[in-house]
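A.B. asks: Generate coordinates for the entire structure from the input sequences, incorporating the hints supplied.
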Amino acid sequence: MDQAFADQMAGYSLTTAEILYRLPDHRELLQSYVWQDFDLAPRFPRLSEFLDFWSASLDGPLYRVRVAHKALISPTEFSFVAGELQVH
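For the sequence shown, numbering that gives the first Met the number 0 begins at 0 and goes up steadily by one.
Just so you know, not all the hints are guaranteed correct.
[Claimed, not checked] With a cut-off of at most 20 Å between alpha-carbon atoms, the simulated SDA-like pairs for lysine to any residue come out as follows:
| id | residue 1 | residue 2 |
| --- | --- | --- |
| 1 | Lys69 | Val33 |
| 2 | Lys69 | Asp24 |
| 3 | Lys69 | Gly10 |
| 4 | Lys69 | Ala40 |
| 5 | Lys69 | Gln7 |
| 6 | Lys69 | Phe37 |
| 7 | Lys69 | Phe4 |
| 8 | Lys69 | Arg26 |
| 9 | Lys69 | Leu29 |
| 10 | Lys69 | Gln2 |
| 11 | Lys69 | Leu22 |
| 12 | Lys69 | His25 |
| 13 | Lys69 | Met8 |
[Unchecked claim] Computed spacing ranges between beta-carbons, pair by pair:
| id | residue 1 | residue 2 | range |
| --- | --- | --- | --- |
| 14 | Met0 | Ala55 | 30 to 40 Å |
| 15 | Leu28 | Met0 | 39 to 49 Å |
| 16 | His25 | Asp1 | 18 to 28 Å |
| 17 | Ala5 | Tyr32 | 25 to 35 Å |
Calculated directly from the structure, the hints in this document are not laboratory data. Even glycine gets a Cβ: it sits at the ideal position worked out from N, Cα and C.
C.D. replies: Here's what the structure looks like:
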């Protein structure tokens with residue numbers, strides 16, 4: 000089974016974060032970075048882990064993080080009929 004599909008079945012949703020950070024050599028300038036992965040709302044443990052890594056390992060300090068997420072699959076959208084997956 001595809002890992003992304005298995006994650007969605009476990010409640011993960013597609014999460015996108017726009018990360019604004021200050022440039023290490025020019026703190027007055029901001030740059031944007033887009034992060035995307037499947038994560039669990041509302042705590043977002045994968046995003047939190049990534050942001051912890053960023054803060055500990057990278058020189059560009061975080062300025063702002065905006066998060067959006069969308070559940071692509073929900074339990075009401077599919078069913079198993081006679082051993083086959085049917086999407087409704």
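A.B. asks: Checking against the hints above, which ones are violated?
C.D. replies: Of the numbered hints given earlier, those the structure breaks are 2, 8, 9, 11, 12 and 16, listed in rising order.
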